[in-house]
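Knowing the structure of chain A, use the given hints to seat chain B on it.
Chain order of the listed sequences is A and B. In short: position in the first sequence from 1, add 238, done, that's this note's numbering. In short: position in the second sequence from 1, add 45, done, that's this note's numbering.
Treat the hints as calculated values from the structure; they're not laboratory data. Where is the CB? At the ideal position from N, CA and C, for every residue including glycine. Some hints could be false.
To give a feel for the contact side, a few chain B residues facing chain A, derived at Cβ under 10 Å [unchecked claim]:
id : residue
1  : L50
2  : S51
3  : I53
4  : V75
5  : R76
6  : V80
7  : R81
8  : Y82
9  : S85
10 : D146
11 : T147
12 : L151
13 : D155
Each pair of labels, with its calculated beta carbon distance range [said to hold, decoys possible]:
id : chain 1 : residue 1 : chain 2 : residue 2 : range
14 : B       : L517      : A       : P447      : 53 to 61 Å
15 : A       : Q341      : B       : S85       : 43 to 51 Å
16 : A       : V343      : B       : E136      : 46 to 54 Å
17 : A       : R275      : B       : G135      : 22 to 30 Å
18 : A       : V343      : B       : K58       : 27 to 35 Å
19 : A       : I368      : B       : A112      : 46 to 54 Å
20 : B       : T302      : A       : L403      : 30 to 38 Å
21 : A       : G405      : B       : G93       : 43 to 51 Å
22 : A       : I368      : B       : S55       : 26 to 34 Å
23 : B       : G67       : A       : V343      : 28 to 36 Å
24 : B       : G135      : A       : V343      : 52 to 60 Å
25 : A       : R340      : B       : S59       : 32 to 40 Å
26 : B       : R628      : A       : V343      : 20 to 28 Å
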Amino acid sequence: MGRWRFARGLKACAAADDEVLTRYAAAAWPSPDILAREAPLLALDFELDGLARNAHVLQAGWIGFDSGGIALAGARSVDVRSLRQLDDSAVAVHGIGEERARQGVALQEAARSFLGDLAGRILVAHGSSIERDVIRRISRAMFGIEAPVRAICTLHLERRISPNLVGSDAYRLSAARKRHNLPGYAQHDALSDALATAELFLAQLSRLPADVRLGSLESW
Amino acid sequence: MASELSEIESFLKSTAPFDRLGDEQVRAIVRKITVRYYRSGDEILRSGEHNDFLFVVRSGAVELRLAGDELTARLEQGGCFAFPSLLRGGEVRNTTTALEDTLCYLLPADEFHALRKSSQGFRDYFADSEQERIRSAVRDLKCNRSQSLEQITIGSLVPHREPVSCSPNLSIADAASLMSDRDVSTLAVYSDGRLKGIFTDKDLRNRVVAMRRSLDAPISDVMTPSPLTLPEGASLSEAMGMMAAGGFRHIPALGPTGELRAILSATDILAHLGDSAIDTGMLVSNAASPDALIAASRQIPEGFARMEAGGFHAEHTMRFTSALGEAVHRRAAQLAEAELGPPPVPYALLVFGSLARGEQLVGSDQDNGIVMDDAVDGAGREYFAALGARVSDILNDAGYVYCNGGIMAGNADQRLTVGEWRDRYSRWISDPDEDSILRATIFFDMRAVHGSAELAANLRSPVLEQAKASPLFISYLARDAQRSRVPLGIFRNLVLEKSADGEKIFDAKAQAILPIIDIARSLAFSEGIAAVGTLERLDALADAGKMARGDAESLKDAFLLVNELRIAHQAAQVRAGIAPDNRIAPATLSPLERDYLKDAFPVVRAGLESLKRNLAGGIA
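Only chain A is shown next, with the shape it has when bound in the complex (with noise of 0.2 Å):
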């Protein structure tokens, strides 16, 4: 179902007269049958004002990648206006205060950077079913259609793999990377985040079969 609902939406994003939506439906997306190590990726991170169904994007950060590794020519990072009273609790964990948030790019002027890189490539998040609800939700807002997304969860692939540890924070994003040996890195910034991400999805893969296939991993 999840193949035919992303078809369905490429196919209405095609018909869009947005050239941001056109273009992501005429991406060379990859076959769920080649190699995970061929497929072309993408993490990609967001800080939210809170954990509502409505939070507000505050921070982007994105980088393209691949399984022969992350060049940070491609690290993007962008802070979006938000005019919003900030929620203190939210603020304290990242650190990104009201007069930071006013100072940020438009929130269209975000997606359609981050949009733009995304076209043909697989998200790649921890817990990715966040990140890619707020693409949804910004799409449609935009656009009045939904862009489909095809992601990858780095923390549902990190149960896989170790699927036996005993709480919740053992799968966290710094738990996860202690135990693929990577280093220490500050949360909770949104390029950082990515970047983390990417590293751990590449320490994953190193886990996973030669020969496993990018459908096995990405959900729809």
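Okay, now just chain B, sitting in the frame of chain A:
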């Protein structure tokens, strides 16, 4: 403001050689990096392939094997590899494998070459040869250590001894006896945890005795109230300026929370600026009694720490410290003679090991013996037994503790006639075995520090001749040198070699200095070279054409480099009141110093390899 890749940026800034680049340069190259992950056991580069990247280990560890075979190095976080292939145009010689799950940062070759062009520091770091790299490392260390008055803090100058203090109500008489009991010239007057004033010897003279004050008056009446203070991080020049401007000789140095840490006196500064080694030397040479000698000798570690703080180079610190050690030994023998009467026959006090080589630091035990004229009789032997025992005892009290291995004049087998010593050396040389060589190498670094130089020379020259003519003995020496475990990729290797208490320690003496000493000694004996010091031996070998000049220079540099680190380590221990040792925790070294060490080890290893090839042959 968009966030940048600050994690990677700050990692590079703390990692050699990127720490030599400007902030802008680092920020720019971060964008050129590709991140790759290798699983433990993955082959990263293969000998014979083409490579276009400089690799930096971000986490994990890798192993380099020349042509996939001989272990070249192990690297952990912060280590760089594959640059020799870039310098050669791409051809890889070391097969590199991930020892652990490893994250690497890859910098493209053209960026690498651009940085070499634009940054002198970066270029020096990747100098084409190990020799050049280590030379620039020694140069760097010397620059860093040559501090000016601006850079030396008063906290580093004054040893952290608890200042003697009293309350403002204490009577002058009690305060004076407190100063007398604690043997201090300055008293800190405290109340409510605050420094209220200071009181000095000079105040006692000028404000109490000369003014005929009652000794029952409180000290607060005669102290200098609210003295000017400085934080202990203040520079020496600040302190000198304050003293000069205020016309006083003492400045309390305060810790971070305003607590009194020490009182800096003009004498401390003079001692620092003056040649403390010479001052102590005078005290030693003029010591009128064993107690005076012991007291003078006990100052040597502090003088050593001051030399280090003053930016003395390793060779000077070693030479001064050895000269003082020699003076203490000589004076101990003179004082023992004064107690026991003149010696019945000519003799000489011999020293062995580091003191003989002029390479002593602090905390060494004593290694010595006595050579007597062959004409000595039974009564004479008893005299030297008493003399040897006395010398050993004085030295022990003076800080040169008894030798665990019994190599000291207090033991009968260390008091021999010229003929007996010759026989002993002759047995070691003509009939070597692994065990006796192990225990005898120290005897082959020998020098007379007191008494008849002629006796010592009569002993030394036949030993040199016989050794040179005994290839079997030389090959045993050369093989003995191979026992030392020179770390490979150093810190990775040290992790594998944890000490008994689980701490990761680099033994600077056993793992770097001793092998160099062994190399120089083995080769010097094979050529009949009389020099005893390691640097002198290496020079003599190069002069004689027995060692390539470049190899000799590299070994000298490695020797000095590791000794610089040892000296800094021991000086810090002396300042902290800890018994000095050679066990350096890698974490206490800067990334740059670690890199220097990584360059030094291949030099030592190459020296050992060459020694093995040339001299140790013929023995299984």
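Check your understanding: Hey, does the D146 (chain B) contact hint survive, CB to chain A under 10 Å?
Key -> holds (4 Å)
Review point. Holds or violated: is the Cβ of T147 (chain B) closer than 10 Å to a Cβ in chain A?
Key: holds (7 Å)
Point to revise | 27 to 35 Å as the expected CB spacing between K58 (chain B) and V343 (chain A), which holds or is violated | key: holds (29 Å)
Exercise for review: Starting from the range 52 to 60 Å, see whether the pair G135 (chain B) and V343 (chain A) falls in it by beta-carbon distance.
Suggested key: violated (42 Å)
Exercise for review: Return holds or violated for the Cβ distance of R340 (chain A) and S59 (chain B) against the range 32 to 40 Å.
Suggested key: Because 34 Å falls inside the window, the suggested range holds.
Exercise for review: Identify whether the interface hint at R81 (chain B) stands, where standing means a beta carbon of chain A within less than 10 Å of its own.
Suggested key: Result: holds, 4 Å to nearest chain A Cβ.
Practice item. Could you check if L50 (chain B) really has its C-beta closer than 10 Å to a C-beta on chain A? Key: Holds - the Cβ of L50 (chain B) comes within 10 Å of chain A, reaching about 6 Å at its closest.
**Study point:** Hint check, V80 (chain B) versus chain A [nearest Cβ-Cβ separation less than 10 Å]
**Key:** Holds, because the Cβ-Cβ distance from V80 (chain B) to chain A comes to roughly 4 Å (cut-off 10 Å).
Exercise for review: Hint says 53 to 61 Å; check whether the CB-CB distance for L517 (chain B) and P447 (chain A) agrees.
Suggested key: holds (60 Å)
Review point. Per the hint of 43 to 51 Å, is the separation of the Cβ atoms of G405 (chain A) and G93 (chain B) within bounds?
Key: Given a distance of about 48 Å, which is inside 43 to 51 Å, the answer is holds.
Practice item. Return the status of the interface hint for I53 (chain B): holds when the least beta-carbon distance to chain A is below 10 Å, violated otherwise. Key: With a closest approach of 7 Å, the I53 (chain B) hint holds.
**Study point:** Hint check: 10 Å Cβ-Cβ cutoff, Y82 (chain B) to chain A
**Key:** Holds, because the Cβ-Cβ distance from Y82 (chain B) to chain A comes to roughly 4 Å (cut-off 10 Å).
In summary, the numbered hints that this structure violates are 13, 20, 24 and 26.
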